[in-house]
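Please model the complete structure; the sequences and the hints are all you need to start from.
Top to bottom, those sequences are chains A and B. Heads up, the first sequence is in this note's numbering, so the first residue is 1 and it goes up one at a time. Heads up, the second sequence is in this note's numbering, so the first residue is 1 and it goes up one at a time.
Treat the hints as calculated values from the structure; they're not laboratory data. C-beta atoms are modelled at their ideal positions from N, C-alpha and C, and glycine is treated no differently. It is possible that part of the hints are untrue.
As the list claims (entries may be wrong) - Selected chain B positions facing chain A (in silico; Cβ < 10 Å):
#, residue
1, Gly10
2, Gln91
3, Ile124
4, Leu141
5, His155
6, Ala158
7, Val163
As the list claims (entries may be wrong) - Computed list of lysine to any residue pairs in SDA-like fashion (alpha-carbon distance at most 25 Å, straight line):
#, chain 1, residue 1, chain 2, residue 2
8, A, Lys164, B, Gly144
9, A, Lys113, B, Pro227
10, A, Lys225, A, Ala158
11, A, Lys164, B, Asp181
Protein chains: 2
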Amino acid sequence: MEKGILYGVGVGPGDPELVTRKAERILREADVIAVPDKGAGEKTALRIVEDLAAGKELLSCPTPMIRDRERLDRCYEEIAGRICALLEAGQIVAFITLGDPTVYSTYIYVHKKVLARGYDAQIIPGVPSFCAAAARLGVSLCEGAERLLIVPASHQAADCLDVKANKVFMKAGRAIGELRDLLAERGLLDRASLVANCGMEGEAVYPRFADVEDGTGYFSVVLVKEPEEPAPGREKQEG
Amino acid sequence: MEKGILYGVGVGPGDPELVTRKAERILREADVIAVPDKGAGEKTALRIVEDLAAGKELLSCPTPMIRDRERLDRCYEEIAGRICALLEAGQIVAFITLGDPTVYSTYIYVHKKVLARGYDAQIIPGVPSFCAAAARLGVSLCEGAERLLIVPASHQAADCLDVKANKVFMKAGRAIGELRDLLAERGLLDRASLVANCGMEGEAVYPRFADVEDGTGYFSVVLVKEPEEPAPGREKQEG
Numbered sequence: 001m002e003k004g005i006l007y008g009v010g011v012g013p014g015d016p017e018l019v020t021r022k023a024e025r026i027l028r029e030a031d032v033i034a035v036p037d038k039g040a041g042e043k044t045a046l047r048i049v050e051d052l053a054a055g056k057e058l059l060s061c062p063t064p065m066i067r068d069r070e071r072l073d074r075c076y077e078e079i080a081g082r083i084c085a086l087l088e089a090g091q092i093v094a095f096i097t098l099g100d101p102t103v104y105s106t107y108i109y110v111h112k113k114v115l116a117r118g119y120d121a122q123i124i125p126g127v128p129s130f131c132a133a134a135a136r137l138g139v140s141l142c143e144g145a146e147r148l149l150i151v152p153a154s155h156q157a158a159d160c161l162d163v164k165a166n167k168v169f170m171k172a173g174r175a176i177g178e179l180r181d182l183l184a185e186r187g188l189l190d191r192a193s194l195v196a197n198c199g200m201e202g203e204a205v206y207p208r209f210a211d212v213e214d215g216t217g218y219f220s221v222v223l224v225k226e227p228e229e230p231a232p233g234r235e236k237q238e239g
Numbered sequence: 001m002e003k004g005i006l007y008g009v010g011v012g013p014g015d016p017e018l019v020t021r022k023a024e025r026i027l028r029e030a031d032v033i034a035v036p037d038k039g040a041g042e043k044t045a046l047r048i049v050e051d052l053a054a055g056k057e058l059l060s061c062p063t064p065m066i067r068d069r070e071r072l073d074r075c076y077e078e079i080a081g082r083i084c085a086l087l088e089a090g091q092i093v094a095f096i097t098l099g100d101p102t103v104y105s106t107y108i109y110v111h112k113k114v115l116a117r118g119y120d121a122q123i124i125p126g127v128p129s130f131c132a133a134a135a136r137l138g139v140s141l142c143e144g145a146e147r148l149l150i151v152p153a154s155h156q157a158a159d160c161l162d163v164k165a166n167k168v169f170m171k172a173g174r175a176i177g178e179l180r181d182l183l184a185e186r187g188l189l190d191r192a193s194l195v196a197n198c199g200m201e202g203e204a205v206y207p208r209f210a211d212v213e214d215g216t217g218y219f220s221v222v223l224v225k226e227p228e229e230p231a232p233g234r235e236k237q238e239g
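Here's what the structure looks like:
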């Protein structure tokens, strides 16, 4: 029997309309939809594609929010094992993931393990949350010569503030207070905005980060724009 | 008469299947599709949504690839003027843009000018090219505590190599030779990959950047992964 294939499918940041046509097609074609479960039945990615997943066989994939690498690795190994059994039986498996599968996703660990066991796995990109947050705020992430630095907020945000770049802090929920203090110290509070639960239930948009209250959701994206520099004169000579 | 609205629509990196359902709906609803034209009839974004644009009124928007800010500003002002005349007449205008409208797009300048003239403008996010390139390579952009730095390759790439982060160099086409020398100097050549024209005609995937020939396309994305550090011991204590 021909072996199946695993697709890591980015379903975008929350709004079901931000699913791509490709994700839609693959979810329709899939025999089994693998759904990450961070605990307490929290299956955000599944809610986004409820219409496409209706009636499909679901495979719940427990990926607890812990930092114990060995324990996590055992979780991913177990998920990979269950997926490979399905692939061996010729099934098409779509592992759904919030945003894009290459940006801080759990999927990528499963992807590597499935490839290592000799099966085929492909990544289907999606709209990352920071693009949706910038769109919701009506601002750019980066223009012209600007750089963009993407940082997981829970991992020591302090030392990145000296990097000359616009910044995105992902999953800022628990780190909001710390981040506010850091930005205030650097005089960057007026240049920071926040979007919580972008495109999802409980969406909150704060063009001014100073207005944010503690306890906003885990799915918070903070955008900090570098102060503008005067245009270098030499650029006038080109073109 | 009710005024129209401008949508800045990200159509994704090249593959027509990576267009979102929302972009699809808005392009169907639009009266006029505004198409950026970088010169020589090069309308990459239009090719991606040819099926949706068929039969629609098109507004060609010349945005020459120059760095003269004043001349460019006059181009954007003229485009904004023409779009606002359509909005005044109650039309819905969709300005299509490659990738995502908040990441190095021409659209954002038009967006600001249209808002400044008192009209409504909204951004519809899309899949950025770097997510599609990473997906095509089958690798992550960032995992766990890793950071990601996004850099326009044509703007002095040298000084960003000391930033501790995975890196994406956008529109690397003309800067390939320079980038190769820089990466070789830092011993990073083995950690770099390139995708040219991702999802478009002439796609080329180089998991090893060292294999890239000069003269690859303008739409090249280079991904450089930071060397891995040993896991800090304290992470074992959580969870």
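| field | 25 Å Cα cutoff - pair A/Lys225, A/Ala158 | value | Holds - the C-alpha atoms of A/Ala158 and A/Lys225 are around 16 Å apart, at most 25 Å.
| query | Taken at face value, is the distance from the CA of B/Pro227 to the CA of A/Lys113 at most 25 Å? | reply | 20 Å, holds
| message | Does the closest beta carbon of chain A sit nearer than 10 Å to the beta carbon of B/Ala158? | response | 13 Å, violated
| Is A/Lys164 close enough to B/Asp181, meaning Cα to Cα at most 25 Å? | Holds, because 23 Å separates the two Cα atoms, which is no more than 25 Å.
| said: Please check whether B/Leu141 passes as an interface residue: C-beta within 10 Å of a C-beta belonging to chain A. | reply: Because about 4 Å separates B/Leu141 from the closest Cβ in chain A, which is inside the 10 Å limit, the hint holds.
| field | Cut-off 10 Å, beta-carbon criterion: hint that B/Ile124 touches chain A | value | 7 Å, holds
| message | Given a cut of 10 Å on the nearest C-beta pair, is the interface hint for B/Val163 held or broken against chain A? | response | 5 Å, holds
| Status of the hint placing B/Gly10 at chain A (closest C-beta pair under 10 Å) | Given a least distance of 7 Å, the restraint on B/Gly10 holds.
| Does B/Gly144 lie within 25 Å of A/Lys164 when you go C-alpha to C-alpha? | The given pair, whose Cα atoms are some 22 Å apart, holds under the 25 Å limit.
| query | How about B/His155: closest beta carbon in chain A under 10 Å, or not? | reply | With a minimum Cβ separation of about 4 Å from chain A (threshold 10 Å), the hint on B/His155 holds.
| Does B/Gln91 pass the interface hint, meaning its C-beta sits closer than 10 Å to a C-beta of chain A? | 20 Å, violated
Of the numbered hints listed earlier, those contradicted by the structure are 2 and 6.
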